[in-house]
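S.K.: Here are the chains, one letter per residue:
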Amino acid sequence: AQSVSQHNHHVILSEAASLELGCNYSYGGTVNLFWYVQYPGQHLQLLLKYFSGDPLVKGIKGFEAEFIKSKFSFNLRKPSVQWSDTAEYFCAVRSNNDMRFGAGTRLTVKP
Amino acid sequence: DGGITQSPKYLFRKEGQNVTLSCEQNLNHDAMYWYRQDPGQGLRLIYYSQIVNDFQKGDIAEGYSVSREKKESFPLTVTSAQKNPTAFYLCASSMASSYNSPLHFGNGTRLTVT
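Respectively, the protein sequence lines represent chains Y and C. So for the first sequence, my numbering puts the first residue at 13; every next one is plus one. So for the second sequence, my numbering puts the first residue at 7; every next one is plus one.
Worth flagging that the hints you see were computed from the coordinates, not collected in a lab. Quick caveat: nothing in here was measured; it's all calculated off a predicted structure. Cβ coordinates follow ideal geometry from the N, Cα and C atoms, glycine included. Hints should not be assumed to be uniformly reliable.
To be verified - Distance ranges between label pairs, derived from CB positions:
id, chain 1, residue 1, chain 2, residue 2, range
1, C, Thr85, Y, Pro52, 27 to 37 Å
2, C, Arg116, Y, Asn108, 25 to 35 Å
3, C, Asp44, Y, Lys73, 18 to 28 Å
4, Y, Ala29, C, Lys77, 24 to 34 Å
5, Y, Lys83, C, Gln23, 46 to 56 Å
As the list claims (entries may be wrong) - Below, computed lysine-lysine pairings styled on BS3-like, alpha-carbon distance capped at 30 Å:
id, chain 1, residue 1, chain 2, residue 2
6, Y, Lys61, C, Lys15
7, C, Lys15, C, Lys63
8, Y, Lys83, Y, Lys61
9, C, Lys76, C, Lys63
10, C, Lys15, C, Lys89
11, C, Lys77, Y, Lys61
12, Y, Lys61, C, Lys76
13, Y, Lys73, C, Lys15
14, Y, Lys70, Y, Lys81
15, C, Lys20, C, Lys89
16, Y, Lys61, Y, Lys73
17, Y, Lys81, Y, Lys61
18, Y, Lys122, Y, Lys73
19, Y, Lys81, C, Lys63
20, Y, Lys83, C, Lys63
21, Y, Lys61, C, Lys63
22, C, Lys63, C, Lys77
23, Y, Lys83, Y, Lys73
24, Y, Lys83, Y, Lys70
25, Y, Lys122, Y, Lys61
26, C, Lys15, C, Lys76
Make the full structure from the sequences, and use the hints.
M.R.: Right, here's the structure in full:
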C-alpha cells in the first residue's frame, strides 16, 4: 500500500507571506493525488486534485500544487496567505480505491 | 441534498463494550471508507469497501469490524479488543468507477471510551 509523508507538522506565517507545504508519497504505480483542507470545526473539503495532464493544478481559494513524478512529490503552494487560510491541510494519495492520507500540516496565519 | 450522515456526533461508552458508529450516504457512491483521526497522526484508514458485501482492511483494522449489506450504509463497530478506541472517526465515500473522484466526508463521530 502507498504511504504519504507531510514534512511540516505546524507552519506559522504572517498574512501575505507565501506558502509551500511539502508532500511526498511512496508508491510505484499510477496514483491520483489530492489536497484536502479542514477549517476549525468543519469537515474535510477538497482543495485540488491531480490525476493526469498538466502537473501544475489549480484549486480553490488561490491554491495550487505541482506534481513532480521523479520526486514523488505533490507540494501545495499559495503566493499570499490570508488569515482565513488558518486550517489543517492533508495530502492524500489514491491508487485503485485505496486512499491514504498524510499526517497533516497545521497552518496558522497571523493577522 | 446529497451527502454523508454520521451519527451520533458524540458517543460515550464504558471500556469493554462494543459500539457501532453509523454512516449513511445518499450519493449513490460505490466506495465507502472509515478513517480514524488523531492529533498529529492525520487520517488513518481502518476499512474500506468498494462494493456491497465486500470490504478490505486498512492500516489499523485490528479491533474494528464493518459490514456492507447495503450500498448506502457502512457501519463501523469498535470492539472491546481495540486498545485505544477514543478518537474522532470519519466516514467517506466516492465513486468507485473513477479513481480521480475525490472523497466526500461526513462530519464525524467523536467516540470517548472511559
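S.K.: All hints, please: hold or fail.
M.R.: These are the hints, each one checked on the structure:
no.	hint	in the structure
1	C:Thr85 / Y:Pro52: 27 to 37 Å	holds, 32 Å
2	C:Arg116 / Y:Asn108: 25 to 35 Å	holds, 30 Å
3	C:Asp44 / Y:Lys73: 18 to 28 Å	holds, 27 Å
4	Y:Ala29 / C:Lys77: 24 to 34 Å	violated, 46 Å
5	Y:Lys83 / C:Gln23: 46 to 56 Å	holds, 47 Å
6	Y:Lys61 / C:Lys15	holds, 29 Å
7	C:Lys15 / C:Lys63	holds, 24 Å
8	Y:Lys83 / Y:Lys61	holds, 18 Å
9	C:Lys76 / C:Lys63	holds, 18 Å
10	C:Lys15 / C:Lys89	holds, 22 Å
11	C:Lys77 / Y:Lys61	holds, 26 Å
12	Y:Lys61 / C:Lys76	holds, 29 Å
13	Y:Lys73 / C:Lys15	holds, 29 Å
14	Y:Lys70 / Y:Lys81	holds, 17 Å
15	C:Lys20 / C:Lys89	holds, 13 Å
16	Y:Lys61 / Y:Lys73	holds, 14 Å
17	Y:Lys81 / Y:Lys61	holds, 15 Å
18	Y:Lys122 / Y:Lys73	holds, 18 Å
19	Y:Lys81 / C:Lys63	holds, 28 Å
20	Y:Lys83 / C:Lys63	holds, 29 Å
21	Y:Lys61 / C:Lys63	holds, 25 Å
22	C:Lys63 / C:Lys77	holds, 18 Å
23	Y:Lys83 / Y:Lys73	holds, 26 Å
24	Y:Lys83 / Y:Lys70	holds, 20 Å
25	Y:Lys122 / Y:Lys61	holds, 27 Å
26	C:Lys15 / C:Lys76	holds, 22 Å
Checked against the numbered hints given earlier, this structure breaks only hint 4.
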